[in-house]
Every structure is written in structure tokens, then in C-alpha cells.
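For reference, the chains in residue letters:
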Amino acid sequence: DVKVTQSSRYLVKRTGEKVFLECVQDMDHENMFWYRQDPGLGLRLIYFSYDVKMKEKGDIPEGYSVSREKKERFSLILESASTNQTSMYLCASSLEGYYGYTFGSGTRLTVV
Amino acid sequence: GQQLNQSPQSMFIQEGEDVSMNCTSSSIFNTWLWYKQDPGEGPVLLIALYKAGELTSNGRLTAQFGITRKDSFLNISASIPSDVGIYFCVTSYGKLTFGQGTILTVHP
Numbered sequence: 008d009v010k011v012t013q014s015s016r017y018l019v020k021r022t023g024e025k026v027f028l029e030c031v032q033d034m035d036h037e038n039m040f041w042y043r044q045d046p047g048l049g050l051r052l053i054y055f056s057y058d059v060k061m062k063e064k065g066d067i068p069e070g071y072s073v074s075r076e077k078k079e080r081f082s083l084i085l086e087s088a089s090t091n092q093t094s095m096y097l098c099a100s101s102l103e104g105y106y107g108y109t110f111g112s113g114t115r116l117t118v119v
Numbered sequence: 053g054q055q056l057n058q059s060p061q062s063m064f065i066q067e068g069e070d071v072s073m074n075c076t077s078s079s080i081f082n083t084w085l086w087y088k089q090d091p092g093e094g095p096v097l098l099i100a101l102y103k104a105g106e107l108t109s110n111g112r113l114t115a116q117f118g119i120t121r122k123d124s125f126l127n128i129s130a131s132i133p134s135d136v137g138i139y140f141c142v143t144s145y146g147k148l149t150f151g152q153g154t155i156l157t158v159h160p
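Protein chains in written order, with my numbering: chain A, 8 to 119; chain B, 53 to 160.
FYI, nobody ran anything at the bench for these hints, they're computed from the structure.
From a predicted model like this one, the values you see are computed outputs, not experimental measurements.
Beta carbons: idealized from backbone N, C-alpha and C, even for Gly.
Mixed in with the good hints, there may be bad ones.
[Claimed, not checked] Computed, partial: chain B to chain A, Cβ under 7 Å: (1) 151; (2) 153; (3) 160.
[To be verified] A partial selection of chain B residues facing chain A, derived with a Cβ cut-off under 7 Å: (4) 93; (5) 94; (6) 95; (7) 97; (8) 150; (9) 152.
In isolation and in its complexed conformation, chain A is listed as follows (with noise of 0.2 Å):
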């Protein structure tokens, strides 16, 4: 079975910190998600990936980088942290053309 691995279950920071949330996926996928998810909006895409050193904004990027060097490894970058980015956070990989996602079991991020 494919296995997305969230590097952190839970996490708390500071306003204006630096934020780094990894997510590695062990089945050579081509495309990889960084999504977030609140209560009553369902998950929302942030950003997304086809490939290495690839990357196309989702459909709330503000806030928010990523970065690929690697195929398996999708890291996804919070400049200055903010309260409003308080979220879960889960990644995602799938096959090129597959719509079957496998999802990594999230990060639950708080920022104070």
C-alpha cells in the first residue's frame, strides 16, 4: 500500500516563526497536495505538485510556499506564521491521472 508520511502530528508556533510541514510518499507518485482543512469548508487546496521542482498554486496559496528537490518529498512552507493559519493540514500523492488520492493522517498546526 502507498504510504504518505506527515513528518509532525501536531504542532504548536509562534507568530512570525518559520514554518516547515514535510510529507514523503513511498510509491513513486508523480503528483503530490498540500491541502488544509477547517470545520464546515472541507479541505481546500493550497498548493500542488506534477513533478519535481514543479509547483502550481491551489486555490488559497497566500500565506503559504512549497518545495520539491525530490520526487517523494513535498515540503510545504509558512514564511511568517499567523494566527489565521491555524489549521490541519494534510498532503496527498496520486498516480499521473489517477484520481485516487492516498492521504497522509494530517498535521494539526497551531499558531499562538
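Using the hints, position chain B against chain A.
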């Protein structure tokens, strides 16, 4: 992004009851998916629908791709406690778009 309207937002039911939820959009889609998120985990694909009018089952779950291609329905029969979680309708227009989710609570 695409807007999906999922209802109800939450449901509290007794074990053994049937459950229905649906999702509508103003846009036409070629694919409807249903995902479930267990507490503390990421969403997992339950059912995929690729054709208008299609009715697909996965155990006690049955989903339908609306004939207008603007909606989809998910039914769960004879609910059990492990059905608790958040159910999402999802469409694909190059990338996945999620509905707001239906939170299901099942009382034993």
C-alpha cells in the same frame, strides 16, 4: 475554485439506521468521488463514479452519479458504530475539489 454544496452538515443516528447524504453543484462534472475521513486520519476513497446515472455499491455503501452530472448521492444502509467520521463528496476538474463534509455520529 469549483463550489460543491454538501448536505446535511452533520447527522446523529442510531445504530442500524440508514443514512443519506448528497452533493450538488452548478457545474457539470465527469467524475464524482466519495471519501471518508476517520477521526485522526486522512480521507480514504470509498467509491468512484465516472458516468451519469451510474449506481455503484461498496458493501453497505451505495453512491449514484446524478443524471444531470451536477449532483451525487451516498447512502449507507444499516449503520454501525465504525461508520462514524466525515464523509466528503469530491469532484475532479484537473485536481480534486472537496465538499464541506458531512459529520456522521452513530449512537450504539
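Grab the minimum C-beta distance from residue 160 of chain B to chain A and call the hint holds if it beats 7 Å, violated otherwise.
violated, 25 Å
Quick one, is the residue 152 of chain B hint okay against chain A at 7 Å, beta carbons?
Holds, because the Cβ-Cβ distance from residue 152 of chain B to chain A comes to roughly 5 Å (cut-off 7 Å).
When the nearest CB of chain A is found for residue 95 of chain B, is that gap smaller than 7 Å?
This interface hint holds because 5 Å falls under the 7 Å limit.
Interface hint compliance - residue 153 of chain B to chain A, C-beta minimum distance less than 7 Å:
holds, 5 Å
Restraint: residue 94 of chain B near chain A, CB-CB cut 7 Å. Satisfied or not?
Given a least distance of 3 Å, the restraint on residue 94 of chain B holds.
Have a go at the residue 97 of chain B hint: is there a Cβ in chain A nearer than 7 Å to its own Cβ?
Constraint on residue 97 of chain B satisfied, holds at 5 Å.
Does residue 151 of chain B hold up as a contact with chain A if the rule is Cβ-Cβ below 7 Å?
This interface hint holds because 6 Å falls under the 7 Å limit.
Taking 7 Å as the limit, does the beta-carbon of residue 150 of chain B come near enough to a beta-carbon in chain A?
holds, 4 Å
Residue 93 of chain B as an interface hint toward chain A, with CB separation required under 7 Å
holds, 5 Å
The structure fails to meet hint 3 from the earlier list, while all remaining hints are met.
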